[in-house]
Amino acid sequence: MNIVPEPLTHFPWKVLALLLAIAGFGTLVLYSSAGGSITPWAINQAVRFVIFTGMALVLSRIPLEIFARFAFPAYGLVLVSLVLVELIGGVAGGSQRWINLGFMQLQPSEFMKPIIVLAVARFYALLPVGEIRRWSAIWPALVLIGVPWSLVLVQPDLGTATMIAAGGVTVMFLAGLPLRLFIGSGLTVAAIIPIAFSFLHDYQQKRVLIFLDPESDPLGAGYHISQSKIAIGSGGLWGKGFLKGTQSHLDYLPEGHTDFVFATMAEEWGLAGGIFLIGAFLLLFRWGIGVSLRAPDKYARLVAAGLTTTIFFYVAINLMMVMGLAPVVGIPLPFMSYGGSSMLTVMLCIGIIMAIDRSTRRASQRRGNWA
Amino acid sequence: MKLPRFKRKTVNEAALSFTFTRRAMVVGGLQAGFGAMLVGRMGWISIAENEKYNLLSESNRVNLTLVPPRRGWILDRYGKPLANNRTDFRVDLIPDRVTDPDHTIGSLAELLSLSPDDVERIRTELEKSAGFRPVQVAEKLTYNQFAAVSVRLPDLPGVAPSQGFSRYYPAGASVGQLLGYVGAASAKEYEERKNPLLITPGFKVGKEGLEKTFDLELTGKPGAKRVEVTARGKVVRELTTRPDTPGNSITLTIDAGLQEYAGRRLGTESGSCIVLDCHTGEILCMASMPAYDPNNFSDGISHDEWNMLSNDERHPLINKSLNALYPPGSTFKPMVAMALQSAGIDPKERVHCPGGYRLGNRFFRCLGRHGSVDMHRAIAKSCNTYFYTMGNRVGIDVIARMGHAMGFGEKFDLPVLSQSYGTMPDTAWKMRRYDQKWTASDTLNASIGQGYVVVNPLQLAVMAGRIASGRNIQPRLVKGRYPQAAPMPFPKEHFDAVRNGMWEVVNGDGTAGRSRLDVPGVQMGGKTGTAQVRRIAGSQRGQSGDWKYRDHGLFVCFAPTSNPRYAASVVIEHGMGGSKAAAPVAKDVLTFLFDPAKAMERLIELEKGWGGPPAERMARQMAAFSLAKAIKKPTTSASSAEAANATAGNASSPAPAQNSSSRPADDDAPSPSPNPAGSR
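Residue numbers (this note's numbering), protein chains in the order written: chain X, 48 to 418; chain G, 42 to 721.
In short, the hints are calculated from the structure, not lab data. It is possible that some hints are incorrect.
[What the hints assert, rightly or not] In silico contact screen, one side only, chain G against chain X (beta carbon under 7 angstroms); selected entries:
hint, residue
1, 69
2, 75
3, 83
4, 98
5, 102
6, 104
7, 405
[Stated by the list, open to error] Derived DSSO-like pairs (lysine-lysine); straight-line CA-CA distance at most 27 angstroms:
hint, chain 1, residue 1, chain 2, residue 2
8, G, 262, G, 229
9, G, 169, G, 235
10, X, 253, G, 93
11, G, 248, G, 275
12, G, 266, X, 291
13, G, 235, G, 93
14, G, 93, G, 181
15, G, 169, G, 121
16, G, 93, X, 291
17, G, 181, G, 169
18, G, 275, X, 291
19, G, 253, G, 121
[Claimed, not checked] Which chain G residues stay away from chain X? Per the calculated CB distances, all over 10 angstroms, these:
hint, residue
20, 64
21, 189
22, 201
23, 289
24, 359
25, 366
26, 435
27, 446
28, 473
29, 493
30, 521
31, 541
32, 557
33, 564
34, 603
35, 617
All C-beta atoms, glycine included, are put in the ideal place defined by N, C-alpha and C.
Bound-form chain X, shown alone (with noise of 0.2 angstroms):
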């Protein structure tokens, strides 16, 4: 154990194995969807990795304790730029999500996905713990999340919303809330969907519908989901192999290199590449959850559980939308899709987890040299 320099030891090379698993095996899912050819995506996709991964290194260097004090900041300039967004954002593809910075397009309700969790957390951590059975345990988190949530979902982003609801709910329930809240506001929440619907866009709507049945409209609306279903199906067990897959080389799955990266994998990889995938994505929830679990501190436990899940719900919504189990909410598939926004995203949690990992490591260490 001495041998190696206790720096290395600590490094997290089992979840960088992981990441580096599923981000490589996403850059050759992408080099095959741009019909063989490390340009566009491939290429830019691994350069993004390594830089992200960098950054997340350094995240985990920085103390718990300045996430903890910069939750309620971070939160605010998140939400000022979502009411910017609102105001001055470019429109595109039927909602407004994006900020022109001139060097680049901001998205801040991607940003909103991990703050959200850091700022329910850090409520948490400063109420008292007598406090948690009371009203004042629940107003402001659902505060907190609402003002966001309805930001995000007047652009109109139903995945994107969805996922900043889910994460800050996940940290309420971590949190100690009382478990009949949650199952009486589910039941709740179950009736007033008819209602919300008639709320929606017409073209979520329709989405909806026609994710209720897609081959109602195989050549419409519910295009997507049919040639995604079509990839999927006709890879089989073990897939056409690599670099030989139709659907997505001859343009039938659209979104083939995005959203949808995960039905060009299976094209080509088959069952066996999703449940590669699949498994890789449930060891990394499973190091997250048993990061939450050792951390010692309440707001490291809520934090790295509640953006663990928030990762989870990225994997979750996006593959039950490429099979057809949900609509299709532009969500993407972490490491997998090509772009930027989201593999920030990520890593901005991974990095996160990381340092409450170290945080822990260290403090044990502390602990059981003084014992």
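With chain X's structure known, arrange chain G on it following the hints.
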């Protein structure tokens, strides 16, 4: 609401930590569960439903285009093609891939010199059939036009030049009525058959005649061209292509040479000529003229040509051999003579002909004063008085019975679209039809093949064949093994009496003495007929005046008389007389069977007088028709004259069998003779 209750429960840091641990485990468990569910779902799609999605993926990837099958050939009895397929070049448009329809159609119109009508049609079809189904631009292109389009393909997205087959009838118009023609399937035909092949460009179905009755056999199995395409319809590569299976060929009993000869020999007349093998019933030729050239139909007929054909009083669109009915006139008499004998009349019995027959206060005229005639002489001289007298004696029902036995009023088992079977009247028929009693004068008229009697030319030929062979032959069009026809249930002497009379008609002192066969050792027996078109009124005797009121000329015959082999019928509409118009045609056609060279020589001689071979005459007629139309409508004169020239050029080209050396000098001037409006 219930919240105040919670205060009672003591909450401390340790309990909360425990809650967190438990709930984090729950979250982790849920995540694992979700992962398992996703794997399960993916397994369901990719393993259980793999087959379904594989199929869908293939149908995405592979675009299947039908390759129209080559149509089966129609062969004559010696294996010579009456209808075959010629390679042709065509150009289609794939609507999906056309980026700039106006530019594309414009360029094509220029390259292929399309008419404004065609451009309009392509435009509307392109709008209607948005998709991958090709729209026909033009077919039967020359190689140069085809090449001109092919080299410009990079600038013309969506244009698909291809090589296909089109129907070709080497004999042209002479087989028009018999074979019919082919054309693109109509919407109604597609509704009936629901076969996607029918709407494949370049695919033709039989529209008339044998092409229609044998359509299913002639149609082969389509081939398929498989190409890998992208979602935008771009062809990535060609996959395996299944070749088409050509349709079955059909061998007819027709003798192509004889059929063409007969068609040409009818010349400028309107009529029919049928030759049968009188032992087997095989139809050796069945010509009906004037006819359309089926080659012109198979690539779509011009509006002008269609108008000309349908307005022609000589009805080129009707198969006169089967679908025209004529009073048989005196050609009926051999059958009546058989009937008389079957009723016990002795052929030796004599009847005095004073130039007619008195029935009550009416006098039925004969063609002359024949004096005392027996059956033999009555047939030879076509004496009406004899048949009036004897017919009246035996009664109509005896004649009708024999008439049916000889084929009159009967429909034959032939693969044709329709047969008009005419009328063989009897007492019951008149009662049924007119609710009137049959009268003696009806019998008299029927005895000489007038009155209610109407027959088609094929029935006349069958009668001639049955009398010549004494066998109950059935006409056949398709070559095959048929059992020998049974002998007819009448004594040989009866047949001999009639045959001898018919021999006399041609070779003795008879009505067709001028039409003796000029072939050593072969003699022909026959019977002329002149059928009134309308009642003789005043000075109009059916021998002059308007063409359409003149008498029909008919002739039935068989040869050789020593051992009959062939039987024939010739009908010349408004030809004024059987001996004058019909018998010479029969003579030449039968001569062709025994001495083709001699017959051909005579035909070429005749055609010089008519203004050249039929294709040339038709072309000139078409040009004259278009010109007349252009003069009537001066506004469109320029384009019509152009069309007329173009049609004239087209019509003369697909007739390689014609002898072009006999082209007359006045080729450029519209000749009045074949013009339907002209007087003869």
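Structure-based check of all given hints:
no.: 1; hint: 69; verdict: holds (4 angstroms)
no.: 2; hint: 75; verdict: holds (5 angstroms)
no.: 3; hint: 83; verdict: holds (5 angstroms)
no.: 4; hint: 98; verdict: holds (4 angstroms)
no.: 5; hint: 102; verdict: holds (4 angstroms)
no.: 6; hint: 104; verdict: violated (11 angstroms)
no.: 7; hint: 405; verdict: violated (81 angstroms)
no.: 8; hint: G:262 - G:229; verdict: holds (21 angstroms)
no.: 9; hint: G:169 - G:235; verdict: holds (19 angstroms)
no.: 10; hint: X:253 - G:93; verdict: holds (26 angstroms)
no.: 11; hint: G:248 - G:275; verdict: violated (36 angstroms)
no.: 12; hint: G:266 - X:291; verdict: holds (22 angstroms)
no.: 13; hint: G:235 - G:93; verdict: holds (26 angstroms)
no.: 14; hint: G:93 - G:181; verdict: violated (43 angstroms)
no.: 15; hint: G:169 - G:121; verdict: violated (43 angstroms)
no.: 16; hint: G:93 - X:291; verdict: holds (19 angstroms)
no.: 17; hint: G:181 - G:169; verdict: holds (24 angstroms)
no.: 18; hint: G:275 - X:291; verdict: holds (18 angstroms)
no.: 19; hint: G:253 - G:121; verdict: holds (20 angstroms)
no.: 20; hint: 64; verdict: violated (5 angstroms)
no.: 21; hint: 189; verdict: holds (32 angstroms)
no.: 22; hint: 201; verdict: holds (20 angstroms)
no.: 23; hint: 289; verdict: holds (39 angstroms)
no.: 24; hint: 359; verdict: holds (50 angstroms)
no.: 25; hint: 366; verdict: holds (58 angstroms)
no.: 26; hint: 435; verdict: holds (79 angstroms)
no.: 27; hint: 446; verdict: holds (68 angstroms)
no.: 28; hint: 473; verdict: holds (63 angstroms)
no.: 29; hint: 493; verdict: holds (66 angstroms)
no.: 30; hint: 521; verdict: holds (52 angstroms)
no.: 31; hint: 541; verdict: holds (82 angstroms)
no.: 32; hint: 557; verdict: holds (78 angstroms)
no.: 33; hint: 564; verdict: holds (78 angstroms)
no.: 34; hint: 603; verdict: holds (78 angstroms)
no.: 35; hint: 617; verdict: holds (70 angstroms)
Checked against the numbered hints above, the structure breaks hints 6, 7, 11, 14, 15 and 20 and satisfies the rest.
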